Amino acid sequence: MVWFEVLAFALLLALPAIPSMFELRKPQDDGKLAIADGYVRDPRFFGTSFRRMLAPLLVRADGDEKFSTQIVWRDTEPIRFAPNLRVEDGERVRGVLIGDDVRIGDRAGIRDAFGRDHVAVADGAIVRTAASDGTLTIGSDVRVLRWIDSEGDCVVGEGTVLGASASSAALLELNAGVRFERAWGRPVLASTPNTVPIPERPDAKRSVEENAVHEDLIEHRSIVLSAGARVNGSLKVYGDAFLESNVHVHGHLIAQGHVYLGPGVRIDGNVFAEGDVVFDDGAHVGASGYKTVYCTGVAILGNAANVDGWIVAEGGGSVV
Amino acid sequence: MDVAIAITHVYVWIVVGVMAIYAVRHWGFTWNRLAMRQRPYYQDLIDEDLPGVTVVVPMHDEQTVASAVLDALIACDYPRDRFEIIPVDDRSSDDTTTIVAAYSMAYSFIKPAYVMGGERGKPAALDRVLPIAEHDIILVFDADYRPGKGLIRELVMGFVDPEVGAVMGRVVPRNANENFLTRMQAMERSGGYQVDQQARYNMNLIPQYGGTVGGFRRNVALELGGFDPHALAEDTDLTIRLALAGWRVGYANRAECYEEAPAQWAVRFRQLRRWSRGHNRALGTYLFAMMSAKALSWEQRVDGVLLLFVYLVPAVLFTGFAANALLFFAGQIPVVPLVAFSFFVVSYSAFGNFGPAFEIAAAELLDGARERLLLLPYLFALFLFNGWAVTAGAMDAFGDFIKGRRAKWDRTQKIGTPRGVV
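Protein chains in written order, with my numbering: chain A, 1 to 320; chain U, 321 to 742.
Careful: at least some of the hints might be erroneous.
[Said to hold, decoys possible] To be clear about the criterion: a stretch of chain U counts as covered by chain A if any three or more of its residues have a C-beta under 8 Å from a C-beta of chain A, and this derived list gives those stretches:
| hint | region |
| --- | --- |
| 1 | 359-367 |
| 2 | 409-416 |
| 3 | 465-477 |
| 4 | 498-508 |
| 5 | 545-553 |
[Said to hold, decoys possible] Sample of chain U residues lacking proximity to chain A, with all beta carbon distances greater than 12 Å (derived):
| hint | residue |
| --- | --- |
| 6 | His-380 |
| 7 | Leu-450 |
| 8 | Phe-649 |
Quick caveat, the hints were computed from the structure, so don't treat them as lab data.
The model shown is predicted, which means the values in this text are computed figures rather than measured ones.
We treat Cβ as the ideally placed atom computed from N, Cα and C, and that holds for glycine.
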């Protein structure tokens, strides 16, 4: 019986390795982990890619003549071109609309729109994507399903939902109640008559008084910077950062908690928060080129809050 | 005789305790990675005002890989006026010198350094570059690495944090499908980075600067005394010195870079042995400083101590097995209660050197693995191999300490992308 026990023991020991042998002999899953080697972070990625896809069509659309065709992307998409392209109120249109001046009527529903001079989307419309090489105007209560992008100024009306990305090479103005995930503009500017709900002042062990001047400031709990305080370097906080009015941080603001930027606060560098970011009226981020505000929570923008660059709000952003 | 038996009993209990601590540590890491809030790195920040960067590529007889790494760096999207590449040619006897010279003629931002004498190896090369580097951020890539287009920018963004003294990206073998050894290394790498490093970053512990696909602040490295040319694990050395001085290491899990994993057992054995020798030297140098470091929280001190001991674990485990066997043949079984004994065996036979099986399984799942999970039982074989190499390295380090000798750098052989590797 001993040989049987030894054999049984050996078999049981080898049991987990038996399925492995099949994978070793005929590998099904032995590829390297895929890395996107060519990937470069680009806040206008959607707009840039869309234009690249449209490029062959735009060559043909270089005149006053209207035409219709179709193109095979993931699905076969009908294409419509007209120099002055109009979608009537309440009309539903499939495919890609291209024109010099594109106007989408009230409560209309379209997929993709591209304008070489201007795109206007009226109130209550539903748009999958909209891009313009000139200006872009989005009305109130519009629902953008994916993204918008413009080379010129872009103004977004009240209560509009902007999808995954809104970007403009120039001004991106967001009015009251606008919701977004990622917003890029030079600058992104909020415009609203409403008042920002001021978060509770943290029970900070450390307060920085008015006119105090510091180099890099690192606080292992929460911090309150009193009105007018100035930090000559960067500010790193392990808890919440509560910056009262007109505080000026010359470097970056890094917080492992929530961030409140009071009225007129200026952050020259980037803002990185592992929580929410609240911009009170006139709070400003960005100097010497574009910067980023990144938060894992929500971003709330008050009137005249502005960021020269990118706002990435993992929990969603909104204008109050 | 009774005293010897009693001492052996105590030793076995100590081994059980050590292994239990490491098992709990890695359970914690795995749980954190699977179920807790993940801490983001800074790669989502884009900033027009980027700092200057010096990329250092230490090279010795790298003709098979030199062009590829330089081409990859040239293709990076970092602004050229804030970017320089210093390939450090350390007395190559093959065509490396010619290749590097040709690239420096073609690109003004490639400024090679030629080492003609003195100590050999990566730490010595880095120490030489520190005073001549033009920029304050230094990134290091081994010659067999292939940085992607946006990688430099992603790594550099970590330095917006004023506490970050070094950053580390994720290493991914590109020749995983070459043979059994490279497949298993790819799994180990997954566990080490996808779970272990990220969890330590999440928990504000001490992620390790790994010496490649990473970088540090030049001024800080200079303030800390530069690099010891005789250190074989200059990455551990820098990680610990930074931590002791109150600096943090930022870990960028999404800043991934391909490497060439050793495909021959002998090459891998020498690599592990060198790592272990250097790491255990760091253990001897920094253990007491780490235990009493005022700049660190108690959690960080514990993590630092466990990090320092990690290359001693296989030796501890093997001697624990030996002590256990001794007690068995001395008629002293049961050595310890059954539960503890099972724990000792099960936990640590699966532990390996670079991550227990459950940690690697979790990492592979996060990476979207499917059939390769079937290979997990073979980790035991790899653990024996790793344990052997690492124990040999630990003995080397002990010998260095006893005899007061200095270690010599031993380069890991690279062959470039072999045929058949996708």
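Hints, verified against the model:
1. 359-367: With 8 residues in contact (Cβ-Cβ under 8 Å with chain A), the coverage given for the region 359-367 of chain U holds.
2. 409-416: violated (count 0)
3. 465-477: With 6 residues closer than 8 Å to chain A, the region 465-477 of chain U meets the three-residue bar; holds.
4. 498-508: holds (count 3)
5. 545-553: violated (count 0)
6. His-380: Its Cβ never comes within 12 Å of chain A, the nearest being 26 Å, so this holds.
7. Leu-450: 22 Å, holds
8. Phe-649: 20 Å, holds
Violated hints, in rising order: 2 and 5; the structure is consistent with all others.
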